[in-house]
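Colleague: Letter by letter, the chains look like this.
Protein chains: 2
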Amino acid sequence: MKLSQLFTKTQKQAPADSDSLNAKLLTQAGFIAKQMAGVYNFLPLGLRVLNKIQNIIREEMQAIGGQEILLPVLTQEDSWQKTNRANLDILFHLTGRGEAKIVLNPTHEEVITPLAKQFISSYRDLPFSAFQIQTKFRNEARAKSGLMRGREFLMKDLYSFHTNENDLNGFYEKVKAAYFKIFQRVGLGEQTILTFASGGSFSKFSHEFQALCETGEDTIYFCPKCNIAINEEIIKEQTTCPECGNKNLETRKAAEVGNIFKLRTKFSEPFNLTYKNEKGENNLVEMGCYGIGISRIMGVVAEIFNDQKGIVWPLSIAPFQAHLISIENDKKVIATANKIYDQLTKQGIEVLFDDRTEVSAGEKFAEADLIGIPNRLVISQKTLAKNSAELKPRTSPTTSLVKLTQLAKRFLLPKR
Amino acid sequence: MKLSQLFTKTQKQAPADSDSLNAKLLTQAGFIAKQMAGVYNFLPLGLRVLNKIQNIIREEMQAIGGQEILLPVLTQEDSWQKTNRANLDILFHLTGRGEAKIVLNPTHEEVITPLAKQFISSYRDLPFSAFQIQTKFRNEARAKSGLMRGREFLMKDLYSFHTNENDLNGFYEKVKAAYFKIFQRVGLGEQTILTFASGGSFSKFSHEFQALCETGEDTIYFCPKCNIAINEEIIKEQTTCPECGNKNLETRKAAEVGNIFKLRTKFSEPFNLTYKNEKGENNLVEMGCYGIGISRIMGVVAEIFNDQKGIVWPLSIAPFQAHLISIENDKKVIATANKIYDQLTKQGIEVLFDDRTEVSAGEKFAEADLIGIPNRLVISQKTLAKNSAELKPRTSPTTSLVKLTQLAKRFLLPKR
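Chains as they are written, first to last, in this note's numbering: chain A, 54 to 469; chain B, 54 to 469.
One thing to keep in mind: the hints can contain errors.
What the hints assert, rightly or not - The following residues of chain B were derived to be distant from chain A, with all beta-carbon distances above 10 Å: (1) Q129; (2) R150; (3) N192; (4) N217; (5) K278; (6) T398.
Stated by the list, open to error - Derived lysine-lysine pairs resembling DSS-like cross-links, with alpha carbons at most 27 Å apart: (7) A:K170 - B:K55; (8) A:K87 - B:K154; (9) B:K329 - A:K87.
Hints in this document: simulated from the structure, not taken from any laboratory.
As the structure is a prediction and not an experimental result, all values here were calculated from the model.
A virtual CB, placed ideally from N, CA and C, is assigned to each residue, including glycine.
Extracted from the complex, chain A is given alone in its bound form (with noise of 0.2 Å):
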């Protein structure tokens, strides 16, 4: 893409209104743009960045056999009334047209359990699972964290149903080896710690994924010699490590990028999900529910990975894989930065292409680094006599010539 086509813009100054360093940053590098408290527009850059890790996600989830479906927004508030979750505080409700009463999901368990029961009958119709990805909506009171905390977000949620525990936990360790996988892959696996919180009244525990992050919102009791936690929610139960009873464990700031959760026969129950097993009987089905923030992750990845120019993308979801950048304007200059841009792109590779003329090569420096590809590439009169363009990437402060006819090979490495 050619800057100067993009409508967008960086900002000079930080939004006044900025709730965040991630809203603060994002929006100043032009990825999003705020609409309300908690609610986002996502501009080119942004929905670049958003896609990807739904591409992760979405590979990762494909990997264990997930099943991918789109449930709707808008549920009948019934469904929720049969669960007895119709009164949560942060559902948004509203009335239709002839009185319908209607919640906004912000899950998705009062949807797909009525949904399972009319393809499950028999064992021989489990186990299977499903997921999508989806907008989802709570009625936050405070949505003061960018894009960490919203109003309206994106989501991937997974469900999962079994004829028995013993498969339902066979499956759970699949996501959560999956989930590692996925944060890994997004930029976040040495910050993700596995932690132990409430199972609820069904399981003993559940799992979050939490990002270490000084800005998140929950507190967690690590264990450095496991590289696990606990949160905050459940310490007074469980004051030791789970894996290896160790009592001095560190207090740490993170935010939740997961959660997994053995829902057992919670929902099964209300909507008389059953399966008739090979003696012919009824049984409720077993179901797991496991999610990731979409919108969320690139709101800490924005808050952890960034330095006083800028954000600092991972590569496999930076909205680009090169900032391609030609100063001077040089007939010459122009014209093979734009050649290279061409090639590059037509190779599959994604270029950002600075093409202003307008624009002083010091102010394009700055909106790169600001806006945090991982790799810069200028092209100038300079590096023309050596037939080179200069590699800067994001996170090292040197530059190296690489010769042009290198270049494409350079950025066609794997992308995992």
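Position chain B relative to chain A; hints supplied.
Modeller: Below, chain B without anything else, positioned relative to chain A:
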């Protein structure tokens, strides 16, 4: 995908509460499931169709320079007050914490106009266009046409911004051409009629793309000579064909699948969206908006393309290219069918493989017809005796044998 693993099922009987032919067929064949009137779940097969329609539209929007963004579902009611549209009866209203008055967007002029204002100051920032693919909401009194009229539905909306009417007019024609391509590609080329409709207070006409369909809600006055039509809503002002003057127009029923509209300054005025021209004078930005109903296209296609046995998908938006069926529970048949499935899939050919062993050939054929994938491939002892598979197009009563070695080639035709 293997049918033995797909969690959804077809139904022998049409659901009793179907409100339309498209809902009946799509539900019975396992593409969608009704949540409430005008609100549907998209199941794995249905989501594949939706994604294919989306991708075709996305490609054509990008081809005319549209930049993809994602605008929110929730918007403060204030913005709708500004344009005097807060009382539209199709608006869903809700109240958030702190008495925040919120609207579920049925369209996004109230969002994109102030958003664009953040990035437009000079004529140098124009023209540009941005589009999104987003769920929209309408508080419909009667949502009785399946996917053809939803309370929650998926749309593509494109907005364009220009310095003057002339530039808007030029882009408008580009979009018109792109829309014809889109309807051609999704399989509605022959059915879709450019229809003159009300232009509101700012333009003489807008244009709708109306797909001829007996169960459509709209009545259009068709000129067979010019292959254009006039919407009933303006037939009193415009009694003859706007192109040839023909007075003998034929009435037809049709479903609106797209519309394009010159907004001119209707929205730039209330939001004071201006740009500075070459002389430094402030002028209002000229705007256009261009919508396509994505889930509606899915409904209209199912409504139009079907026979007594089920749906007949156009290849371009079919959930799979081929429906592979193994019959007779013979070891060699099963092994060969699996091998062919793996080979075709590896080559990027989308195959739905009915690998179930407990289902009769007759039932498999009936389900294949109901689901409506364009090519049915049968592997049996008889076809294997000739090293072949039996190919039957969904639209043809006759079958032919294709050598197994030629199968991949058969399907690797260009998709467009």
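Colleague: So which hints don't hold here, by number, going up?
Modeller: 1, 2, 3
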